[in-house]
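Q: Here the structure of chain A is known, so what remains is to put chain B in place on it, guided by the hints.
Residue numbers (this note's numbering), protein chains in the order written: chain A, 2 to 160; chain B, -15 to 67.
Among the hints, a few may not be true.
[To be verified] To spell it out: a stretch of chain B is covered by chain A in this simulated footprint if at least three of its residues, at any positions, have a beta carbon under 8 Å from a beta carbon of chain A; those stretches are:
no., segment
1, 12 to 18
2, 24 to 33
3, 37 to 45
4, 51 to 64
[What the hints assert, rightly or not] No farther apart than 16 Å at their CA atoms in a straight line, the calculated lysine to aspartate or glutamate pairs in the EDC-like style are these:
no., chain 1, residue 1, chain 2, residue 2
5, A, 99, B, 31
6, A, 149, A, 65
7, A, 143, A, 79
8, A, 52, A, 9
9, B, 37, A, 47
10, A, 143, A, 122
[Unchecked claim] A partial selection of chain A residues facing chain B, derived with a Cβ cut-off under 10 Å:
no., residue
11, 12
12, 23
13, 34
14, 40
Read the hints as simulated data drawn from the structure, not as lab findings. Beta carbons: idealized from backbone N, C-alpha and C, even for Gly.
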Amino acid sequence: MTEAWKEDFPVAWADDHYVTRREFTKSLLLVSCAAFAANGALVAMDCLTPKKTTPPAPVPLGRDGGIPVGGWRVFLFDGEPCMLVRLGADRFVAYSQKCTHLGCPVLYRPKEGDLQCPCHEGYFSAEDGRVLSGPPPRALPKVELERKEDGLWARRMVL
Amino acid sequence: VGASHGSLTVRRERQGRAREMTVVYAVMVAIVVLLILQFLLLMIGVENYLGGKRSVLAPAAVGSGFCFMAACWLIGQASRRRD
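Extracted from the complex, chain A is given alone in its bound form:
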């Protein structure tokens, strides 16, 4: 005959921490539900975010961008920090300064001729903004430039 205290505690201490298959499967289902909810939350956030209907106003960048050959500077376009790089006497390129990996500011390296994200060693081509190496998943968004009589203008951002 078993003692009374054993009947009151029928589950052994070690077995109490043992996860059954049923509990494990339930937890998998819970994680699956959470993943679905997260995906749904993204759609909801997208629906709730007001869409920009008017294109951003062009930004004047000066006659020669205000920088020497091989130089670069930061300017604001549509509230976003962007970088203007002067590759040659009459060759300008502009990109968003936010790295496509985790949003760190990207810097131009004139000697190497590339754009570097110092946070996680991501490198982009200064010619077209494509990823050269490192963790960034996409090219840098490009800012379209237009040369007018009164100088250089940033027109729009191309993702």
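A: Coordinates of chain B only, in the frame set by chain A:
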């Protein structure tokens, strides 16, 4: 005769239980695969949301929903077999 009949019954029970366990493990593996698929969809969704490509979000959510429903159905089937 009675003893051999009893051992046969036990063997059949064991075989049936082994089959049940195979089904249960198959269901668990399928759910894990579905879960991995859901994480991939979530990664794609977040990546495209941050990248400004919003057209991918709804299909990713629908796909994730299908995975979730499939996981629920699988668990339902496994529970029904067990009960």
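Q: So if I understand the rule, the pair passes when the alpha-carbon distance is 16 Å or less; does residue 52 of chain A with residue 9 of chain A pass?
A: This hinted pair is violated, its Cα atoms lying about 63 Å apart.
Q: May I ask you to test the interface hint for residue 12 of chain A with respect to chain B, counting a Cβ-Cβ separation under 10 Å as satisfied?
A: With Cβ-Cβ at 21 Å, over 10 Å, it is violated.
Q: Can you confirm whether the C-alpha distance between residue 99 of chain A and residue 31 of chain B stays at or below 16 Å?
A: Holds: residue 99 of chain A and residue 31 of chain B sit about 15 Å apart, inside 16 Å.
Q: Given the proposed pairing of residue 149 of chain A with residue 65 of chain A, does the C-alpha separation stay at or below 16 Å?
A: The hint holds at about 11 Å.
Q: Hinted pair, alpha-carbon criterion (16 Å max): residue 37 of chain B, residue 47 of chain A. Please report holds or violated.
A: Judged against 16 Å, a Cα distance of about 10 Å means the pair holds.
Q: Given a cut of 10 Å on the nearest C-beta pair, is the interface hint for residue 34 of chain A held or broken against chain B?
A: Where the cut-off is 10 Å and the nearest Cβ of chain B is about 6 Å from residue 34 of chain A, the hint holds.
Q: Test coverage of the segment 24 to 33 of chain B by chain A using CB-CB distances below 8 Å; three residues minimum.
A: holds (count 6)
Q: Quick one, are residue 143 of chain A and residue 79 of chain A close enough, alpha carbons at most 16 Å?
A: Between residue 143 of chain A and residue 79 of chain A the Cα gap is close to 13 Å, so the pair holds against 16 Å.
Q: Apply the coverage criterion to the segment 37 to 45 of chain B and chain A: a residue qualifies when its Cβ sits closer than 8 Å to a Cβ of the chain, and three qualifying residues are needed.
A: Answer holds; 6 residues pass the 8 Å Cβ test.
Q: So if I understand the rule, the pair passes when the alpha-carbon distance is 16 Å or less; does residue 143 of chain A with residue 122 of chain A pass?
A: Since the Cα atoms of residue 143 of chain A and residue 122 of chain A sit roughly 20 Å apart, the hinted pair is violated (cutoff 16 Å).
Q: Checking hints one by one. Is residue 23 of chain A an interface residue toward chain B, by the C-beta closer than 10 Å rule?
A: With Cβ-Cβ at 8 Å, under 10 Å, it holds.
Q: Going by Cβ atoms only, is residue 40 of chain A closer than 10 Å to chain B?
A: Since the shortest Cβ distance to chain B is 4 Å, the answer is holds.
Taken one by one, the earlier hints fail for this structure at numbers 8, 10, 11, listed in ascending order.
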